[in-house]
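Going line by line, the protein sequences match chains A and B. Take the first sequence: its letters are residues 1 to 178, numbered as in our numbering. Take the second sequence: its letters are residues 1 to 225, numbered as in our numbering.
Wrong hints could be hidden among the right ones.
Said to hold, decoys possible - Distance windows between CB atoms, simulated: (1) A:VAL57 to B:SER81: 54 to 62 Å; (2) B:ASP75 to A:CYS96: 55 to 63 Å; (3) A:CYS96 to B:ALA20: 20 to 28 Å; (4) A:MET68 to B:ILE121: 15 to 23 Å; (5) B:THR208 to A:LYS101: 52 to 60 Å; (6) B:LEU214 to A:LYS101: 53 to 61 Å.
Unchecked claim - Straight-line Cα separation of at most 25 Å, DSS-like style, residue types lysine-lysine; simulated pairs: (7) A:LYS52 to A:LYS108; (8) B:LYS107 to A:LYS72; (9) A:LYS52 to A:LYS100; (10) A:LYS101 to A:LYS45; (11) A:LYS122 to B:LYS153; (12) B:LYS53 to A:LYS134; (13) A:LYS134 to A:LYS72; (14) B:LYS107 to B:LYS28; (15) B:LYS153 to A:LYS72; (16) B:LYS39 to A:LYS134; (17) A:LYS134 to A:LYS55; (18) A:LYS81 to A:LYS100; (19) A:LYS122 to A:LYS134; (20) B:LYS153 to A:LYS108; (21) A:LYS81 to B:LYS28; (22) A:LYS134 to A:LYS100; (23) B:LYS70 to B:LYS39; (24) B:LYS74 to B:LYS133; (25) B:LYS74 to B:LYS107; (26) A:LYS122 to A:LYS45; (27) A:LYS45 to A:LYS100; (28) B:LYS107 to A:LYS81.
Everything labelled a hint here was simulated from the structure, so no lab data went into it. These numbers come from a predicted model, not from an experiment. Think of the CB as a built atom: it goes at the ideal place given N, C-alpha and C, for glycine as much as any other residue.
As a plain string of letters, each chain reads:
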Amino acid sequence: MFSLAKLREMLTWRRGVVLTALLAISAVAVAASDEFASSSSRVAKPVYAEGKGDKCVKEESYMRRHHMNELKHHRNETMRKGIRTSQFSLQGCIDCHADKKTNSVLGKDGFCQSCHSYAAVKLDCFECHASKPKASKVIKAMPNQSVQTGTESGIATELQLNTYTETVEPNTTSGASK
Amino acid sequence: MAGLAIAPGVTLFDLAHGRAPEEAASSKVRWGMLIDSGKCATGCDDCVAACGKENGFTGSRETDSQWIRKVEIKDLRSGQSHSLPMMCQHCEHPPCVDVCPTGASFKRADGIVLVDRHICIGCRYCMMACPYKARSFVHEELHDQNPDVPRGKGCVESCTLCVHRVDNGGQPACADACAGAGHNAILFGDLNDPSSEISKRVATLATTQVRADLGLNVGVRYQGL
Ligand code: SF4
Ligand code: SF4
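Chain B extracted, bound-state conformation (with noise of 0.2 Å):
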């Protein structure tokens, strides 16, 4: 993908981060989303349903997993309201690795969380340590998968920041549903990359961690809350 050209050597959004199919994930990117809640429209929920399209779950049956979920979060005081969605935030300091018994849970190079589902044993240990909320666990057999996104009944699943999508040079399936709906809520982008597009806004703009008082140092960041 090599972004959206506008003008003679002005893209959209920079996205020239595609490595070598023999490179490995390197520490020196650290991806990550900032989420501005004030672009983000309350009842819209196309970044959920792309979820799902990408990564094969329609929400349809009751033991669906949930990567991405919309909350709606409302101040009684001032009545202020706010929409924002939410998955896994992509901790520097994942709780769900720290308890995981297999070492199915890990975090890649580049700050990617994702569950090995070859070692995962289905315990669950790891959703009970998520303060986030953010794993699943796949009750049923499923078929038709993508074949990007190997999916199975007995493992436990979350927010996979779209990582074969990455690795290719693209970007997550939700933010590019969110552009598309023109609402250009959610930005991805490489944190540790000083001349990216996410790093100057955090550098700039009063952006915060969910639960920041966990010290989780998380990937995802949110503006407006």
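Okay, chain A solo, but in the shape it has when bound (with noise of 0.2 Å):
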């Protein structure tokens, strides 16, 4: 026999089901349509060019919300104490989010510029801190992908290779350190 009781509580449970299920798809629906600005979506969306690393230090939601937070609490480790880890490290950002066309997180379509202006935040963090990943460090690009790199002097190269060395701004006096 069915009891009243039971039969409700089936359908409130079918019902949770195809709820969830509606929310899942329309979810992945606005997931879908938020990635880059799509014509026909009626707000337009920062777009940012592709940086070189794959995987954010934390998820990026949180990211989203509270970089500013964690790089400003970071900042006050690095210069009172001297604690240069490398999470929230804002050379890490730069190295990870710089654009593989310009080598940089600024220009319209820079990874942090990008993002401020949509949100009319100012960024000052550039006007003391540089815009590119450190002239040492080596890059790995895309297989067979051109990548332009400029000199100082502004002069671009053209290289045809898996990895490079970046040849900007020689920062270290002699090669006894480091």
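Each of the two chains sits in its own frame; use the hints to bring them together as a complex.
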């Protein structure tokens, strides 16, 4: 015998499943349309060029909301105490997020600038901090992809290599250090 | 940096001071330099050039910062002259820190005096307080900074003792350059460690602090003055 209570319970369970499924589908749809600015969306989304790294130091959702706090905390630790861990180091962010073409997080499609312009939040880190990765870092580029690197004098060199070492701004004074 | 090995177990300079990245600078260490004016060559400015290259200024612009400069001094009676580099002396009791209204000027636990540019308002009070004229104000916008040395318009700055190198186990660019040129006039090390080369020299040789009368107990000492 079916009790009324059991029937009601089953029904709500079913409704729950259906609702969850619907939500999941719409979430996927939203996520898909969220990826980049599509012509159909009413509001333009920030478009930024692909960076060099593959995985962030923390979930993207967390970083989107809290990167400024983490960076500020880390800057104080580094500045005042000399703690130089890599997780929330601005240099680390730049190493990964620099545009493969321009080698910078600035510029119209730069990772930092595109979003900050979109959100109308002034970005003053780069008045002092370099917006490009450190010159001596070896950067992995996609196979058979031509990479443009600018030197200090503005000459662009084309490299057809899997890995290359930047030749910009020599920062060490002699081979003896580091 | 492992130091330069000249024989097994013997290194040219002791640089085994690399801290783990998560370890904070400690007051057990006091970084300092000993400058031998007898070895410092008149006319040589390799240390000044190296500083500019490392930290991003060339001296080509009138307003460029000056973290280190060469000073020639001459005793008019005896005619004896000295050549020496002069920079922030990393005072134990730094007047620049005393006067700073914002807390931007500060002394790190290991004795390195720095400006926190995030907080500096560019009032330049510290420039007036420093007895060694060690500080500069950045007047113009800067580009292409060394990623390890963020610098920008509107802040005061001075010698950081190449803190970014020291934290990675290295020594200041000026000391490297001087050794590279074969003069070895700049010795960098830990004044608190009795076994360090600098402590041994300070303990046995006649070294002086410039303007010792001010009682600032500076971290940069001179030999042969
Ligand atoms: S030398 Fe000048 S800038 Fe350096 S710690 Fe002393 S007072 Fe401050
Ligand atoms: S210029 Fe900056 S560091 Fe110097 S006293 Fe003013 S706020 Fe402090």
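Hints, one by one, checked against the model:
At roughly 56 Å, the beta-carbon separation of VAL57 (chain A) and SER81 (chain B) lies within the given 54 to 62 Å, and the hint holds. Taking the beta carbon of each, ASP75 (chain B) and CYS96 (chain A) are about 58 Å apart, inside 55 to 63 Å as hinted. One distance hint, 20 to 28 Å for the beta-carbon pair CYS96 (chain A) and ALA20 (chain B), holds here, with the actual separation near 23 Å. A hinted range of 15 to 23 Å holds for the C-beta pair MET68 (chain A) and ILE121 (chain B), which are about 21 Å apart.
Evaluation of the 52 to 60 Å hint for THR208 (chain B) and LYS101 (chain A) yields a pass: the beta carbon distance comes to about 56 Å. Checked against the hint of 53 to 61 Å, the C-beta distance between LEU214 (chain B) and LYS101 (chain A) comes to roughly 54 Å, which is consistent with it. At roughly 17 Å between alpha-carbon atoms, LYS52 (chain A) and LYS108 (chain A) fall within 25 Å of each other, so this suggested pair holds. A distance of roughly 20 Å separates the Cα atoms of LYS107 (chain B) and LYS72 (chain A); the hinted pair therefore holds under the 25 Å criterion.
Straight-line distance between C-alpha atoms of LYS52 (chain A) and LYS100 (chain A) comes to about 6 Å, which keeps the hinted pair within the 25 Å bound. Proximity of LYS101 (chain A) to LYS45 (chain A) is assessed by CA-CA distance (about 21 Å); at most 25 Å being required, the pair is judged to hold. For a cut-off of 25 Å, the pair hint linking LYS122 (chain A) to LYS153 (chain B) stands: about 17 Å separates their Cα positions. Taken as a hint, the LYS53 (chain B) and LYS134 (chain A) pair is honoured in the structure, with Cα atoms around 14 Å apart against an allowance of 25 Å.
A distance of roughly 21 Å separates the Cα atoms of LYS134 (chain A) and LYS72 (chain A); the hinted pair therefore holds under the 25 Å criterion. Restraint check for LYS107 (chain B) and LYS28 (chain B): satisfied, since their Cα atoms lie roughly 14 Å apart, inside the 25 Å limit. The suggested pairing of LYS153 (chain B) with LYS72 (chain A) holds, with an alpha-carbon distance near 20 Å, which does not exceed 25 Å. The straight-line distance between the Cα atoms of LYS39 (chain B) and LYS134 (chain A) is roughly 34 Å, outside the 25 Å bound, and the hint therefore fails.
As the CA atoms of LYS134 (chain A) and LYS55 (chain A) are separated by approximately 20 Å, the hinted pair is consistent with the 25 Å bound. Simply put, LYS81 (chain A) and LYS100 (chain A) have alpha-carbon atoms about 33 Å apart, too far for the 25 Å limit, and the pair is violated. Proposed proximity of LYS122 (chain A) and LYS134 (chain A) is supported: the alpha carbons are some 24 Å apart, at most 25 Å. Between the alpha carbons of LYS153 (chain B) and LYS108 (chain A) the distance comes to roughly 23 Å, so the proposed pair stays at or under 25 Å and holds.
For the hint linking LYS81 (chain A) to LYS28 (chain B), the alpha-carbon distance of about 13 Å falls within 25 Å, and the restraint holds. At most 25 Å may separate the alpha-carbon atoms for a hinted pair to count; LYS134 (chain A) and LYS100 (chain A) meet this at roughly 14 Å. This hinted pair checks out: LYS70 (chain B) and LYS39 (chain B) have alpha carbons roughly 13 Å apart, not beyond 25 Å. Of the supplied pair hints, the one linking LYS74 (chain B) and LYS133 (chain B) holds, its CA atoms being roughly 20 Å apart against a limit of 25 Å.
Distance check on the hinted pair: LYS74 (chain B) and LYS107 (chain B) sit about 33 Å apart at the alpha-carbon level, beyond 25 Å; violated. Between LYS122 (chain A) and LYS45 (chain A) the CA atoms are separated by roughly 18 Å; this keeps the pair inside 25 Å, and the hint holds. Between LYS45 (chain A) and LYS100 (chain A), the direct Cα distance comes to roughly 21 Å. Compliance with the 25 Å bound is thereby established for this hinted pair. Distance check on the hinted pair: LYS107 (chain B) and LYS81 (chain A) sit about 10 Å apart at the alpha-carbon level, within 25 Å; holds.
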